[in-house]
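Given the coordinates of chain A, assemble chains B, C and D with the ligands onto it according to the supplied hints.
These protein sequences, in sequence, are chains A, B, C and D.
With the numbering used here, letter number 149 in the first sequence gets 149, and the count goes up by one each step, no holes.
If you count the second sequence from 1, you need to add 1000 to reach the numbering used here.
If you count the third sequence from 1, you need to add 2000 to reach the numbering used here.
If you count the fourth sequence from 1, you need to add 3000 to reach the numbering used here.
None of these hints come from the bench; they were simulated from the model.
Careful: at least some of the hints might be erroneous.
Just a sample of chain D residues kept apart from chain B, beta carbon distances all over 12 angstroms, derived [claimed, not checked]:
1. Glu3026
2. Gly3045
3. Arg3129
4. Lys3180
5. Val3185
6. Ile3221
7. Glu3224
8. Arg3288
9. Asp3315
Covered by chain C, according to a simulated footprint, are these stretches of chain D (three or more residues, beta-carbon under 8 angstroms) [said to hold, decoys possible]:
10. 3105-3112
11. 3138-3149
12. 3260-3270
Just so you know, these numbers come straight off a predicted model, no measurement behind them.
Note that beta-carbon positions come from the ideal geometry of N, C-alpha and C, so glycine has one too.
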Amino acid sequence: MAHFDRDQYLEYYRLMLRIRRCEEQIGALFSRGMTMGTAHLSVGQEAVAVGALSVARPEDQVVSTHRGHGHLIAKGAAVAPLIAEICGRVSGYCRGKGGSQHIAVRDLNFLGTNGITGGGIPVATGAALTARTLETGAVVFSFFGDGAANQGTFHEALNMAAVWKLPVVYICENNGYAMYTPQRQVTSVDDIAARAAGYGIPGRIVDGMDLLAVRAAALEAAERARAGEGPTLLECKTYRFSGHSKSDTGTKYRSREEIVAWQARDPIANWRAFLRAGGVPEAELEQIEAEIDAEVAAATEAALESPYAEDEALVGAYAATASPAGEAWLIAQ
Amino acid sequence: MAHFDRDQYLEYYRLMLRIRRCEEQIGALFSRGMTMGTAHLSVGQEAVAVGALSVARPEDQVVSTHRGHGHLIAKGAAVAPLIAEICGRVSGYCRGKGGSQHIAVRDLNFLGTNGITGGGIPVATGAALTARTLETGAVVFSFFGDGAANQGTFHEALNMAAVWKLPVVYICENNGYAMYTPQRQVTSVDDIAARAAGYGIPGRIVDGMDLLAVRAAALEAAERARAGEGPTLLECKTYRFSGHSKSDTGTKYRSREEIVAWQARDPIANWRAFLRAGGVPEAELEQIEAEIDAEVAAATEAALESPYAEDEALVGAYAATASPAGEAWLIAQ
Amino acid sequence: MTATALQLRTISYRDALYEALRAEMERDERIVLMGEDFANGGAFGVAGDLPELFGPRRVISTPISENGFVGVAVGAAMTGLRPVVEIMFMDFIALAMDQIANHAAKVHYMYAGQYAVPLVVRTPAGAGRGYGASHSQSLEGWLIQVPGLKVVAPGTPADAYGLLRSAIRDDNPVIFIENKLLYPVKGEVDAAGALVPIGRAAVRRRGNDLTLASYGRMLGIALEVADVLGSEGVDCEVIDLRTLKPLDLETLAASAGRTGRFVFIEEGTGGIGAEVISRVAEQIPGVRVARVAAADTPIPSSGPLEQQVIPGLEDIIDGCLRTL
Amino acid sequence: MTATALQLRTISYRDALYEALRAEMERDERIVLMGEDFANGGAFGVAGDLPELFGPRRVISTPISENGFVGVAVGAAMTGLRPVVEIMFMDFIALAMDQIANHAAKVHYMYAGQYAVPLVVRTPAGAGRGYGASHSQSLEGWLIQVPGLKVVAPGTPADAYGLLRSAIRDDNPVIFIENKLLYPVKGEVDAAGALVPIGRAAVRRRGNDLTLASYGRMLGIALEVADVLGSEGVDCEVIDLRTLKPLDLETLAASAGRTGRFVFIEEGTGGIGAEVISRVAEQIPGVRVARVAAADTPIPSSGPLEQQVIPGLEDIIDGCLRTL
Ligand SMILES: Cc1ncc(C[n+]2csc(CCOP(=O)(O)OP(=O)(O)O)c2C)c(N)n1
Ligand SMILES: Cc1ncc(C[n+]2csc(CCOP(=O)(O)OP(=O)(O)O)c2C)c(N)n1
Ligand SMILES: [Mg+2]
Ligand SMILES: [Mg+2]
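Just chain A, same shape as in the assembly:
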């Protein structure tokens, strides 16, 4: 790594920290009974979201998973409407209708977190079909977990993207578990990246705790996509420090040693050390941390001041379609 891109690197720090503090806040709100449903935190996995989406342009699209707060923030989402959404408030990104697992932000070209494991992979592929067909130049970033890589949708979508050479980057966030089930118990390969061979596309194993490694791999994949050469499968090895969802501590099915070993690779702590080593003064980092803390606190307050939505539960299932202007309706025959 030749050049120390100070401003950029501090921005990555802000993003990762914003994800972490925001999710800690979501966890706290859950414990206070303020959230709707459950929430899946990505604590520990921040370098994947921020590293991968650091190469995304505003017009690029993202399709996410049930564990999507990090992807949202990495693509530019603000904390207040995110927390509001999770708490069912009208100022939420989806006015409380979506909830944690169903958040889209059209202004950010964020096509949604997704409650169906593996369900987003074809959707992302379809967004890439649009990009190719309309020649928009957009690249789609499709996130999913190691567990999702066993769904038929993974297979069907990657095959189509490969055949049609679609501009999509598939990013498997392999945190070693699907809920409480370890990967080896349900997955026939050690490396999800090995499955790329079945679609004739590049598959890369990436250290998901290393932001710059993720960024480099994502950059190569995005360039390939933009050049019309088709999809890439990136497998980012990572770990969630928290439980699967808020009803899990994550400690029953994972050994203390394993957890501790991964915690030593905390992408945020390590990035901080890297910034310090690169010459960023301690005070500057503390300042950033204070800012993020303040931002998240203010956002939480704003979110909770927002009322619950009313009167709109029963509307909105259908988009309004203009009746065909200048065309006759053939009513009777």
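Coordinates of chains B, C and D with the ligands only, in the frame set by chain A:
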């Protein structure tokens, strides 16, 4: 190939010829309007069915596809009830209820042809789960086409079989087309066998026009399965000489040269030449051919003498379940 | 609601679909067609020469991956294309129910209107060709239960044409149900290209004694029954639903209210009739109702057996008699 | 039909399911349990210590492959095992509809009785926890339309216990619908292990003026409504369907015939009520009917919104008033 196993080899000849003549007969019956629905012939692909199932034991199970007459006959099915089934007669294997795409023969451990492309792959995998759980020693032969290898079921089933080391042999009959669509237009790899890498299992490319090559590969795979080492994916490159179904000639989307080149590799003609070269006299082969012709003619006659089923359309959706002997029903509470 | 002067020509149901696709594709570049073998011929040949006319970017043969390519169409629809996908036989929609019901149908609502899914899923339903259990079902009863979907099922070439154009222009996912046996059937279609609105039933025959409602292929049998009963002095009104969701309850209830007898006929196992009858019965106290549907078994391949499972003239007449 | 002397103990709906699984597994070695994360804890913890008690050959965590593992269970059921599979949330059954409807349900019929499919698919339905659109649906309306399936939906611990044992012993595919909010609810269960027959409704309260029918979680609300209306002088009968297919029409029609008013309540979008009401209305001319179901929208996450979509006390009372 060391030993010329004369009796066995003549039996393979009989089986392949029985398939071919039976399917020609089905084609003729279709043209006369005697069959129900459509029919998918496997003319040209006989060496795969006969070669693969030559290693199957009676207790081994088979799950087939929409193009399954060859698999049926190779596992021991008789021509008369097969043709009767396709013609909707009560003496058919499924009393006319199934039709060409839904034929099971329990006595042969033939779990069914299957009208859902890719639908049989998990079913076969489940039969292998039974074999492993109950330690029956059975191996399951799961046939499917190149087109089916793009279904999610392929991915999901192969992953499970690999994880659980199930005794199943996956046999992809790659005839280069799914209906009128050439493989390269919809499939991201040249060789379906390449997908085995995604499941950590052996994948072999086999010349599907060469009975002994198919047999050797199937034998290795079946032994592996019986030894508890798990599944194998065999890709048999083959060709259908006929159209996709009876409403297709197969000539619009395939060049004359391509068809002629494959016809030169006719597994039956070549097997015949091989038998001749091995010392089987012409007269003996002619005798076999006459016998098969007579058998198919007689079977067809018998099938068509059988009446259509009556009075049973409305029964049989449910298996009878004995009410629990010696157990009280808790009716009211 | 002005019916323009019609310029009629007689074409088949299949050709009506082709013409509708073609007209819409010429009008709107965002429309893409997708389906298994679709650009290579397909099972029922609806594409005709569209692959040549519009090229491989707009007419796409997909792999055999029903859930996958419907999901691709959902993502494409969210981002600016207007896909019309074909499920080769309606039976295979079972494979795509997740992308249809959990994705296409929910996107607009759960993301609070930020995205629409202008997607049409065309698929042929129905029995009668001896294809057997996996190629003969009418599964529309599943789809009308999914909020966010519209479901149409034309029974004539004119409706095939007019409803397909409307479906393509609709900004919601529309399940467009064709019928295998109707493809070759000819009828008059307005050459000027009038659209048929989604959500409006059509009264095919006026009558005062009994209302027969149906859609798709069964419509023809309903009209036959009306003739038979007419000659026995029972004056039947025949209503073609055309759209299964949203239901034109107004037209149905008005008729049932007048005749006091309501019989619903369908080729599936009864899910449409259940919905229609329960609504009519709730709206019109005292109405006599009967439902005629397929038997509660899978569909056998053998012709004589198949006939027993699918409703025929006699079954429908029986149903009518139950309300008299 | 003899009800034995009951030895009752009070356990939760969840524990009742666990006990039923355990009792059947002890009785029959061919029973295997499968599901995502099932042997590792699972979403609702029904497995308890069964993984330790019966080992990894009989209690299996599957990959996240709904269609695949249901298909595996079909093949296993055809060949000698008796699988009980869990779909973690009923919403995900959309992914497995092909193996359920086109395979499990059809095998016995289309292969002319050569194979049976003794398979149970357990799955929790229902809203009320703010999980949002993809984790809150009640899709049983799809399943009752599939010939070859049985569908049960217990509303009490006793039925959860007794119906699960019956479902496991049944030689047909049975869809066994649980309800998320019922898992912790306690009730009395017969410790001697009595089975509840599939296909029999239960009258939970006797009354003469109006029949309220429901199942699952809505049953509790139906009983509340009966109390409210009772205090207003309307004497309600409350029927618990318990089995959704085959329907106990006899019990339903007898009650509706007596009261002349029939209200059906469900958490889904109306498919069960449609079926039940259309049958009751056909059988009992003149009966006044009303259906109370979820609104025709996806289910929102936010609690106050969710409450508006799912039927509540008021909605049901309104429904009842429509029949008076
Ligand atoms: C279709 C479907 N099946 C099952 C689930 C339940 N579920 C939610 S998250 C999850 C585990 C996903 O594992 P993975 O893909 O590795 O993602 P991770 O949670 O580890 O980020 C499961 C099984 C679901 N939401 N959707
Ligand atoms: C789920 C499903 N989708 C589509 C079809 C229609 N269909 C029948 S055969 C076929 C082609 C199958 O191709 P392949 O698997 O290569 O087998 P082949 O016909 O070449 O033997 C298709 C698309 C089907 N029967 N089932
Ligand atoms: Mg994971
Ligand atoms: Mg093929």
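How does the coverage statement for the stretch 3105-3112 of chain D fare against chain C, requiring three or more residues with Cβ below 8 angstroms from a Cβ of that chain?
holds (count 4)
Would you say Val3185(D) is clear of chain B, with no C-beta pair closer than or equal to 12 angstroms?
15 angstroms, holds
Far enough from chain B: is every CB of that chain over 12 angstroms from the CB of Gly3045(D)?
The claim stands: Gly3045(D) keeps its Cβ more than 12 angstroms from every Cβ of chain B (closest is about 23 angstroms).
Status of Asp3315(D), Cβ more than 12 angstroms from any chain B Cβ:
27 angstroms, holds
Hey, is Lys3180(D) genuinely clear of chain B, shortest beta carbon separation above 12 angstroms?
For Lys3180(D), whose nearest Cβ neighbour in chain B is about 23 angstroms away, the distance exceeds 12 angstroms, so it holds.
Test the statement that Ile3221(D) is away from the interface with chain B: the closest C-beta pair must be farther apart than 12 angstroms.
Ile3221(D) clear of chain B: closest Cβ-Cβ about 19 angstroms, beyond 12 angstroms.
Status of Arg3288(D), Cβ more than 12 angstroms from any chain B Cβ:
Arg3288(D) clear of chain B: closest Cβ-Cβ about 27 angstroms, beyond 12 angstroms.
Examine each Cβ of chain B, and state whether all of them lie more than 12 angstroms from the Cβ of Glu3026(D).
14 angstroms, holds
8 angstroms C-beta criterion, at least three residues: is the stretch 3138-3149 of chain D covered by chain C
holds (count 7)
Count the residues of the stretch 3260-3270 of chain D with a beta-carbon closer than 8 angstroms to any beta-carbon of chain C: does the count reach three?
holds (count 3)
Hey, does Glu3224(D) actually stay past 12 angstroms from chain B on C-beta?
At roughly 19 angstroms from the nearest Cβ of chain B, Glu3224(D) sits farther out than 12 angstroms, so the non-interface label holds.
Distance rule for Arg3129(D), whose beta carbon must clear each one in chain B by more than 12 angstroms:
Nearest chain B Cβ is 27 angstroms from Arg3129(D), so the label holds.
Of the hints listed earlier, there is not a single one the structure fails to meet.
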